[in-house]
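Participant: Taking the hints as your guide, dock the two standalone chains into a single complex.
Below are the chains, spelled out letter by letter.
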Amino acid sequence: MIARHFKRALEDILANRFLNAVTVVTILLAVVIVSAAVLFFMNARDLMSAWQQGTRIMAYLRPEASGESPALKRSIESVDGVQQAVFISRDEALRDLQARMPHQDSLFDNLAENPLPDAFEIQLRTSTEGWENIDAIAARISSFGEIEDVEYGRQWVDAVQGVVELFRTVGMAMMGLFFVAAAAIVANTTRLVIYSRREEVEIMRLVGASESFINAPFYIEGLFQGWVGAVAGLGVLFVVFTALAARLEQSVLAGMIALRFLSLEQLMVITLASMFAGWLGCYVSLKEFMK
Amino acid sequence: MTDHEEKLPIIRLSHVHHVYGRRPALTDLTFEIFKNELVFICGPSGAGKTTLLRLLYRGARASRGEIVVDGIRLEDLPHARLPLLRRKLGIIFQDYKLIPGRSVYGNVALVLEASGHRRSLIPKKVHGVLRLVGMEHHADALPPVLSGGEQQRVAVARAVVGDPKIILADEPTGNLDEASAQAVMDLLRGAFIRGTTVIIATHDKVFIRRMGGRVLHLQQGRLAASELVAKLHDRTAL
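From first to last, the protein sequence lines stand for chains A and B.
FYI, in this note's numbering the residues of the first sequence are 460 to 750.
FYI, in this note's numbering the residues of the second sequence are 646 to 883.
Keep in mind the hints are simulated off the structure, nothing from the lab.
If we take Cβ atoms under 7 Å as the criterion, some of the chain A residues that face chain B in the derived model are: (1) Arg-463; (2) Ile-662; (3) Val-666; (4) Gly-667; (5) Ala-668; (6) Ser-669.
Here are the computed lysine to aspartate or glutamate pairs in the DMTMM-like style, where the Cα-Cα straight-line distance is at most 25 Å: (7) A:Lys-466 - B:Glu-758; (8) B:Lys-742 - A:Glu-659; (9) B:Lys-742 - A:Glu-670.
Far from chain B, some chain A residues (derived; all Cβ distances over 12 Å): (10) Val-491; (11) Glu-527; (12) Gln-557; (13) Phe-567; (14) Glu-572; (15) Asp-594; (16) Ile-606; (17) Leu-651; (18) Ala-705; (19) Ile-716.
Note that beta-carbon positions come from the ideal geometry of N, C-alpha and C, so glycine has one too.
So here's chain B without its partners, still in its complex pose (with noise of 0.2 Å):
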C-alpha cells in the first residue's frame, strides 16, 4: 500500500474538459491531489495551466468532467457560496494581484476580515505572517513601491494567512530574480511542510528538482505524465 492510498484526495478531477470558443483548452482530465501534497503542473506555455488552476479556484466552470475539492463539488457550487470554496484556497499569481491602494498590512488583513475573523487578532496574525515571509519592516508600504520580489512575498503572505488547506501558485516565480524566485519557493515549501498541500504552476525545472514532489506534466490540454521528483540532495524524499 503507498502514501496515496493511506491518504484521502483532497482534490479529484474526473474527465474534465474546458473549451474557450471552438478551442479546446483541457482534453480529458482525471487525476487526485492528496492531502500535504507538493504537486507541480509543468508544460509549455499554452498546455493548459493556468486554465487548469482557475477551474480549481473556480474562476472558471469545467465545460464538462466533475472536479471536487475538498469535499464540494465545483459544478454544482451556487455563486453565493464561493466564497466558502475560495476561503480553503489562498491563491498566488504571477502578476500578484495585490491591492495598490491598500498597504501591505491591509492586503493581508483583508483574508482575515473578509472571512469574519475577531478584529483584536487580526494584528497578530498578520504581522506573524509578515514576519515569516520578511515583510513585517514594509506593513505600512503600499505594494506600488515594492519590487517584484517582495510584492511576492506579499502575496505569499496574503495566501497563507487564513491557514488555507490548498495553496495554488501559477508562475509565481515567473517575474522574479533568481534569489526571490527562491525565497519565494522556500516560503512555498515551508508552508508544504506545515501541512498545507501546495500545487504550484511552473515550468522552471530547477526549482522542481530543488523542492521536490510530483509533478503532473501537460501537453496540449492533455495529462501527459505523471512522475514523483525527489528533492535535490535529499536522500529520504520520495
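Pulled out of the complex, with its shape left as it was, chain A reads as follows (with noise of 0.2 Å):
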C-alpha cells in the first residue's frame, strides 16, 4: 500500500514539475535563511563567550590608598574566581599609554601631573563564565576600602550582545515567518495539484477509496518537497559557509575562535521542521479542499 502510495506521489510531482521545483526553491531559500540566521547566532556566542573568557578586571585605587599594597593584593586574589592580581602602577600605566599612543608625545608633555591611579589588574579563573559570576567578582572586589573603581569592559561588550540579541529576535522572528512562508507555498502548490485532480478524486470516493487513501500521497509529496528543499538549502549553506569560514577567521575574527558549522542535532531539526512545514502544508490544503 505505501509503495503504491509512493508512486502516485512520484506521478504527481513529475506531472507536476515545475510547480514542485519552484515549491522545493521557496523552502530552500527560506531553510537557507533560517540556518544562517542559526549559523550567525551561534557563532556570535562563541566569540562572546571567547571575549569573556578573556575577561580580566582593572581595581583603580583610591588615591589616598595609593601603593602598592600586599594585604590588598592577597584580599583581592581571595576572592572566589580571581587567579592573580598584579599591581600596575600610576606611572607604569602612564609609560604603558605613552608607547601605545607614540604620535600623541605632546599631549602627554603638557600634563602637570599624571592623572592615572594605581590600579590591580586581576586575571580570571578560565572556569569563571558567565556575566553574573563576573559582575558578582567585580562587585565583591569594588566592597574593598581601597578600591575607587572597578572596569571591566562590561559596557561595550553588552552593546555587542545587545546587538547578537537583536540578531536573534530578528533570526526567531525570521524563522516563524519562513515556516509558515514554505506551509503557505506548499498549500498553495497541494491545492493546485487537488484541483488539477478533483476529477480523479470524486471518482477515487466513488470507488470506495478512504481520505487516508486519497491523501497520503499528497502528503508524501509535501513531506518530499520539505525534505529536499532542507537538503538542498543545507548543501547550498555548506559550501558558502566553506568558501567563506577560513578567509572571516584569520582576518575579522583574527584566530580568535574557529567558526563551526551547524552541528548534526540543529541539521535535523532543521530538516524536520522543513518536512513539517511541507505537511502543515498539505495539511491546511487537504482539510480546504476534502470537506
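Facilitator: Right, dumping it as C-alpha cells:
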C-alpha cells in the first residue's frame, strides 16, 4: 500500500514538475535564510564566550590608598574566581599609555601631573564564565575600601551582545515567518494539484477509496518537497560557509575562534521543521478541499 | 408465500423525500429491493431516476425519510464511513467517469487498491474481469482513445471487479449504439446471474423487455407503479 502511495506521489511530482520545482526552491531559500541566521547567532555566541573568557578586571585605587599593598593583593586574590592580581603603578600605566600612543607626545608633555591612578589588573580563572559571576566578583572587589572603581569592559560587550540579541530576535521572527511562508507555498501547490485532480479524487471516493488513501500521496509529496528543500538549502549553506569560514577566521576574527557549522542535531531539526512545513501546507490545503 | 417474502431486503426506502432548493425531486418513496434482484428504475427525464441512485450511493443525503442499504442506515452514516458503503456497491455512470490519465487496467485496479486488496492478487483479478468484458487487449490503453462502448465496458469491469453486493447503473446505455448497448446490458445481466443485485436506471423499454426484471416507474419524483416484466423468449422467468 505504501509503495502505491509513493508511486502516485512520484507520478504527481513528475506531472507537475514546474510547480514542484518552484515550491522546493522557495523552501530552499527559507531554509538557507533561517539556517544562516542560526549559524550567525551560534558563532556570535562563541565569540562572546571567547571574549568573556579573556575578561580582566581593572581595579583602580583611591588616591589616598596609593602604593602596592600586599594585604590588598591577598584580599583580591582570595575572592572566589580570581586567579591573580598584578599591581600596576600609575607611572607604569602612564608609560604604557604613552607607548600605545606614540604620536601624541605633545599631549603627555603638557600634563602637569600624572592623572592615572594606581591599579590592580585582575586575571580571572578560566572556569569563571557568565556575566553574572564576573559582575559578582567585580562587586566584591569594589567593596574593598581602597578601591575607587572597577572596570571590565562590560558596557561595550553589552552593546555587542545587544546587537547579537537583536539578531536572535529578528532571526526567531524570520524563522516563524519563513516557516509560515514555506507552509503557505506548499499549501498552494497542493491546492493546485488537487484542483487539477479533483475529478480523479471524486471518482476515487465513488469507488470506495478512504480519505487516507486519497490524501496519502499528497502528504508524501509535501514531506518530500520539505525534505528536498531542506537538504538542498543546507547543502548550499555548507558550500558558502566552507568558502567563507577560513577567510573570516584569519581576517575579521583574528583567530579568536574557529567558526563551526551547524551540528548534526541542528541539521536534523531544520530538516524535520522543513518537512513539517511541507506536511502542514498539505494538511491545510486538504482540510479545505476534502470537505 | 412469494419469492420476495422469502428473501431479505438489501435496500429499503421508507417515506423518502428529496428536494433541490424548493423543488421536490423525490416524494414519499417507499419500497424494498431484495438480494439478487434485477430492478429497473424507469421514467421520463426529470422523473428522479438519477437522484434516487445518488441517494443510494450517498452522493446526496435524503431530505427526509429512511434509506437502509445492506444494513447501513444512510442518514446516520458519517463521512468517514462512506467508503464502507461504496465498497458494497459497483456504480456505473452514463458518462463512464473513468480517470483519463490512468490506463484501463489502472482504472479497474483502483477499486481493489482502494479497498486494500493484496497487491499480488490484483493483476489476476483485473485481467480476469477485463477478459469478461472483452477489454483485455486494451488493458494498457488510456480511456480517451477508446470508443464510448469500450469505455462503458471498462466502467462495467470497474463496477464488478470488487465483487459488490449491489450494482447501480445510471443510464448505462444512454450514449451507446445498439450493439454496444446490448453488450453492456449482457454484462449487467451476467452480474445478476452470478448473484449480484443489479439496479439500472433507464428509459429504454426495449432492453427491459429483453432482460426482464422488476420495474419501478417514477413519475415526477413519485413511485407511480411497480411491475414484473418477463424476459422476452424466456417462459420460465418471473
